[in-house]
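S.K.: Input sequences plus hints: build the corresponding full structure.
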Amino acid sequence: MKNSSELYLSAREAAAELAISPATLYAYVSRGLIRSEPTPDSRKNRYRAEDVRALKERRAPSPEPRGLRSFDADLPVMDTEISTITEEGAIYRGVNCVDLAESDTLEHTATLLWDVSGVDPFDQDNQPLLSEEMRTIGQAARRAAPIDRAIAVLAL
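Residues in the sequence shown are numbered from 148 upward in steps of one, following the numbering used here.
Please note that a few of the clues may not be correct.
Here are the simulated distance ranges between beta carbons [unchecked claim]:
id, residue 1, residue 2, range
1, 201, 302, 36 to 44 Å
2, 249, 294, 22 to 30 Å
3, 160, 293, 27 to 35 Å
4, 159, 242, 40 to 48 Å
5, 160, 286, 56 to 64 Å
6, 265, 293, 40 to 48 Å
7, 302, 179, 29 to 37 Å
8, 197, 228, 20 to 28 Å
9, 302, 244, 28 to 36 Å
10, 200, 227, 19 to 27 Å
Since the hints were made in silico from the structure, they are not lab data.
Cβ atoms here follow ideal geometry from the backbone N, Cα and C, with glycine treated the same way.
M.R.: Right under this line is the structure:
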């Protein structure tokens, strides 16, 4: 069984192992790439060594000389089902994003990105119920510019 010093790294150790700043370490934690937990009897956090090493391995540069590397070496570290970057540009869930921008509605694009099928998220039945206060604000802002209406409603 490993002891806790083998399982965890301090912020300084984790940042040094990844050759990053503490701010970048915290960003990785907030994205769920590295797990952290409070250190017993301290205000500091400790970081899972296995997560740090796995991220380091994924970020390791290709051993090939820079001019000979494959295209894959420059791809993002994180995998996603939402988008793919190709030589032709960005693809969102299998659809070219330029085509979406040129010919599709915002609603259809949102439905595609949210991976919604079989239901229209913009259908009146799927809209949230508005409180009386929200209705009053909406009515008062009815003639305002769209951005001003958004600011009025989002402020609540």
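S.K.: State for each hint whether it applies.
M.R.: To see whether the hints hold, each was checked on the structure:
no., hint, in the structure
1, 201 <-> 302: 36 to 44 Å, "holds, 42 Å"
2, 249 <-> 294: 22 to 30 Å, "holds, 24 Å"
3, 160 <-> 293: 27 to 35 Å, "violated, 50 Å"
4, 159 <-> 242: 40 to 48 Å, "holds, 45 Å"
5, 160 <-> 286: 56 to 64 Å, "holds, 58 Å"
6, 265 <-> 293: 40 to 48 Å, "violated, 30 Å"
7, 302 <-> 179: 29 to 37 Å, "holds, 30 Å"
8, 197 <-> 228: 20 to 28 Å, "holds, 24 Å"
9, 302 <-> 244: 28 to 36 Å, "holds, 32 Å"
10, 200 <-> 227: 19 to 27 Å, "holds, 22 Å"
The earlier numbered hints that this structure contradicts are 3 and 6.
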